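There are 4 protein chains.
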Amino acid sequence: MSGSSFGQIFKVSTFGESHGKGVGVIIDGVTPGIELDEKDIQFQLDRRKPGQSSITTQRKESDKIHILSGVFEGLTTGTPLGMVLYNEDQISSDYNSIKDLFRPGHADFSYLKKYRIRDHRGSGRASGRETSARVAAGAVALKILNSKGIKITAYTIKAAGIECTQRDLNIIENNKLRACDSKAAEKMEKIIETLADEGDSAGGIVECLVTGINPGLGEPVFDKIDAELAKAMISLGAVKAIEFGLGFKCADLKGSEHNDEMDKDGFKSNNAGGIIGGITTGENIIFRIAVKPTSSISKEQKTVDIQGIEKKIKTEGRHDPCICPRIVPVVEAMTALVVIDMYKRQAALMA
Amino acid sequence: MSGSSFGQIFKVSTFGESHGKGVGVIIDGVTPGIELDEKDIQFQLDRRKPGQSSITTQRKESDKIHILSGVFEGLTTGTPLGMVLYNEDQISSDYNSIKDLFRPGHADFSYLKKYRIRDHRGSGRASGRETSARVAAGAVALKILNSKGIKITAYTIKAAGIECTQRDLNIIENNKLRACDSKAAEKMEKIIETLADEGDSAGGIVECLVTGINPGLGEPVFDKIDAELAKAMISLGAVKAIEFGLGFKCADLKGSEHNDEMDKDGFKSNNAGGIIGGITTGENIIFRIAVKPTSSISKEQKTVDIQGIEKKIKTEGRHDPCICPRIVPVVEAMTALVVIDMYKRQAALMA
Amino acid sequence: MSGSSFGQIFKVSTFGESHGKGVGVIIDGVTPGIELDEKDIQFQLDRRKPGQSSITTQRKESDKIHILSGVFEGLTTGTPLGMVLYNEDQISSDYNSIKDLFRPGHADFSYLKKYRIRDHRGSGRASGRETSARVAAGAVALKILNSKGIKITAYTIKAAGIECTQRDLNIIENNKLRACDSKAAEKMEKIIETLADEGDSAGGIVECLVTGINPGLGEPVFDKIDAELAKAMISLGAVKAIEFGLGFKCADLKGSEHNDEMDKDGFKSNNAGGIIGGITTGENIIFRIAVKPTSSISKEQKTVDIQGIEKKIKTEGRHDPCICPRIVPVVEAMTALVVIDMYKRQAALMA
Amino acid sequence: MSGSSFGQIFKVSTFGESHGKGVGVIIDGVTPGIELDEKDIQFQLDRRKPGQSSITTQRKESDKIHILSGVFEGLTTGTPLGMVLYNEDQISSDYNSIKDLFRPGHADFSYLKKYRIRDHRGSGRASGRETSARVAAGAVALKILNSKGIKITAYTIKAAGIECTQRDLNIIENNKLRACDSKAAEKMEKIIETLADEGDSAGGIVECLVTGINPGLGEPVFDKIDAELAKAMISLGAVKAIEFGLGFKCADLKGSEHNDEMDKDGFKSNNAGGIIGGITTGENIIFRIAVKPTSSISKEQKTVDIQGIEKKIKTEGRHDPCICPRIVPVVEAMTALVVIDMYKRQAALMA
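Chains as they are written, first to last, in my numbering: chain G, 1 to 351; chain F, 1 to 351; chain Z, 1 to 351; chain X, 1 to 351.
By construction, these hints were calculated from the structure, which means they are not laboratory data. Treat the hints with care, since some could be wrong.
Claimed, not checked - Partial chain G-side listing against chain Z, Cβ under 8 angstroms, derived: (1) 9; (2) 29; (3) 31; (4) 47; (5) 74; (6) 78; (7) 343; (8) 344; (9) 347; (10) 348; (11) 349; (12) 350.
No experiment lies behind these values; they were computed from the predicted model shown. C-beta atoms are modelled at their ideal positions from N, C-alpha and C, and glycine is treated no differently.
Next comes chain G alone, as it looks inside the complex (with noise of 0.2 angstroms):
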């Protein structure tokens, strides 16, 4: 009753640290008769991979995807699709000094208290390393989904305070926060290399659309469309709140202000965010996610080692000073994850 599966049908399971022999996942129930290259997967792979820019991590990770099993002759096959990537180059030494202290905002002491012994390398299997897996079952699912039609795009609305006023989804692989406006991803960008040199970090927040998907998508009255998505994001390491639709916002709003009318065209409007009831109801769905500041800064801060005493640290080596140009295509693995499982649960439910 371990948490590493993820979905119902298309099921995902992973496995692996930073700092062992590498981190896979298997996916069982992957539509057999698909043409999937590994290439597809390494697509994707490269926008979560360290080294993108200046304000991401200068840590090399080659990140290649190895297709062990489900593939025959450029074919899915419908049996379980297992990737890996092997980790290399980590230089678990680096780690040493910190073995016995709990970093602030790293999940060494939680971990510590839970499974009682610790791999202290790099994090092991709350490292950022492990969303590489998910992105790895995204790139599948993406490939299945695109081909219906539905496209998912996230991207950086906000980071270390800047806010964009804009929403040009063309250029968000442009700049190196992965935002949605250029002149705001600039300012962002300046302030995160001052952060950086500062030995600090930024946070941010990430929206994320859904364009082209089918109504009746969802499964109340717990598996709701957006429960999946809020529990899909929310088991990311950095993200801490999720929003769908209007939001928060909804709370200062009237009834008859924040309900979606409808007219011979459609919806007037879209303030559930595409879901009602915990369905599609086929507008696009819409959701932002609050990204904590990465907790690796070079700053001192103050923490005790698993004694209790009281201790300075200093996490070294370089850390992405904002993660959300990075998590924007885990984000949109772990939808693609959550919106494919629905589509093959509506099925399984209408045969």
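Fit chains F, Z and X to the given chain G structure using the hints.
Here is chains F, Z and X on its own, set in the frame of chain G:
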């Protein structure tokens, strides 16, 4: 693969519609040998039931719990605990006039798209009445958790635009809003009564606090305890957003500000809301949810019927002008279901 | 993680004890829009109910089905289908004398070891009455499967040492044993009546035939359709063995004898029982189960009480001297639950 | 909802085909802090691997285990344990000649019907090689169970028509059949060698004994321990039947003969095979399975190709003339997976 079950070990399966024979729940995985009386459950149901005050719906629902199985001579047997609340006095004919209309903000449209059939009487399965089954199940979980020293308290912190400026948990049950600030509660009440008179409704924010929680609960990487809480909360029809600890505020902070430092007495702050890496730290869990203004309003709204013909609609009858006070026990119940499941999952892992 | 749910997509959760308020079942994942009447279910329940003949128990159980949810205006809605059979006229005091004794062949001892508490009234959850919930759920599955041309027929092929020498499926409902050979049935009946007079009971073998089944159903490598059928059958309290196709006979054959060859008309034999590699071939599924002699006998037997003191016990009251005829509808029901789930899982895979 | 996962708490997910990159398994839910070495797993794999004797296939498979994750400094971490066995030296071209033929007794036909695509190389996912992933997972479970005093031993009791007349568990590993009777083993061996020379194969019966088992394990009403064992065994491609305790013999017995009576020393017999009502009694679990004669034989057989044209087929290469000795460690592994899962589920229930 339909979604009417929740939890892995303490597994809750609900059924029932607002205008059928009743709503109910089966809990599989209840610890045997627990003293359990229908009164334990009725107490929580009475906190959720309609007609408690001027700002809740005046509908009459007796909401009387009947335990059908799983309890013998006052003790749980470890076999499935079946409970049902029979429906009474529903006047289904009230809904005949809106039989073919999609009520704005309601799940009428999305349910029809999903199931191609719709029980139009009082929202059917999408009715808020469904949550009484959750409250009944949660009451059992709460009883067990309380005996372990874990306490769960939810309360309104904002409604109709008015925000609580203090957190007095002793007064929650003494005001109609279940708010934690008497003065704010008075203001909320007045505004909401006015809105009700206008046939409109108000949204709000509810906060939930869990104290006495063990460190080490949560199942990374997908079934993190915050991920499961997020799913649990967003699975409530009226909830559009959730945030843990500082939540969306973290987007504007630096890592050095957001990280919770430690000293010999433990954590020096709780910006994370008691959960790091998806596992409890032992600090209080704290999260907030956005509650949308009630969709059922008697103000005239634009909509279409199932043929797409434009219509005007007023949702007649007495509805809750603000759902916050009645969602409080539901939030507590769902939180209890998540916590007890994680508690048992941890026991299974370590066994 | 308790085990009162069955199936992944057409998911059945049962509850209830023989001497509590009732037994019932929730089915989550019922295809919406199916015509369903309580009569469809009652028909199957009546085939299972006590008191049908001289060789079934003379206990009175009305076994009247009540649909609580999931059906609206005669059609399934796709939401959870809740059904309950209220218990009537049970005389719990009958069981007071055996309250502290372990009845040989019964689950009294193992239940107490597991739950540390025991509902001694009529076996509680371990009672055969629990299977009426399965039959009710199975009736819904059977209705859907029949509309797809899939037919499931079980029948006694051996009882009290007498074996059927022919398979006449037209006479099954015309003899007290539900056997497929009238002459054999007559002999069985006589022996069983004598055993009943002696306060003893008889075992037997039931065979199940599924015709019209699609090829391609089953989910390797663990959830093969034969694996799920085996689980389904062995989950019945009286069933101690199962074999598919030639079953145990295969141990004595050569590969060249056992392999089913093919020609242009398809398979030339069906030694495999319609399933190869855990997937249906489209040939008829055929399997047999061993039904143990009823444990409840009025002959005196040795046992101990909960203190370990040696005692003599006679299980008074009228019990089934042979459970075969009444297990037939239960076998059909469980088979239907497996097949419909596999049918829907296949639809989900290919979607 | 595809079926490549097994277990609820100690959850095993396998992947891989006989002629792809490798086969592997992830175990989620491994108790943290257990000493685990690749040698523990290799030992069991070596018992299953080909080429052990004159009556097993002479194929070379190194079957070398690689632990990819979940172990740190020799201890399990409680995070997913990933293991892989890379394939080596498979000569896929061997299978080109049968690419379009359905081999009798093989899953070629049913796989094509299900997935509409087929990896023809050495049976793909339906290959016996898939079971090495089960053995690897089972080895971890066995290690944990052994430390609790639970011992699992399987052995051949019949093969090629020869039955063991004694149960000497000390000699199992000393004969090629892994039989429990030396004299019978010699006879089996001779017959099987002759069959092998004729290009034919033999079936058999394997028995499994579990000692030191706790009473109280099993999760009624569906996930009874015997039900789960039945599923586990029938999920093996070569297994066509299973019986517990007296098994099919119970059909011919009276209740007074079959019931296990008790006295102050406990049960006086174990006709039930250690399980009553689906829960262990603490007596030894005992069950038997029927192993079909190996489908791959070099004798000429009739079949058709994918166009339905009649063909003759000989399955060339060295295959196991009797699978019994190599299925023994697989049976032990699957039994271990069921028992450990039930052990942990019981801990979860009582927590």
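Checked hints:
{"no.": "1", "hint": "9", "in the structure": "holds, 5 angstroms"}
{"no.": "2", "hint": "29", "in the structure": "holds, 6 angstroms"}
{"no.": "3", "hint": "31", "in the structure": "holds, 6 angstroms"}
{"no.": "4", "hint": "47", "in the structure": "violated, 27 angstroms"}
{"no.": "5", "hint": "74", "in the structure": "violated, 19 angstroms"}
{"no.": "6", "hint": "78", "in the structure": "holds, 6 angstroms"}
{"no.": "7", "hint": "343", "in the structure": "holds, 6 angstroms"}
{"no.": "8", "hint": "344", "in the structure": "holds, 4 angstroms"}
{"no.": "9", "hint": "347", "in the structure": "holds, 3 angstroms"}
{"no.": "10", "hint": "348", "in the structure": "holds, 4 angstroms"}
{"no.": "11", "hint": "349", "in the structure": "holds, 6 angstroms"}
{"no.": "12", "hint": "350", "in the structure": "holds, 6 angstroms"}
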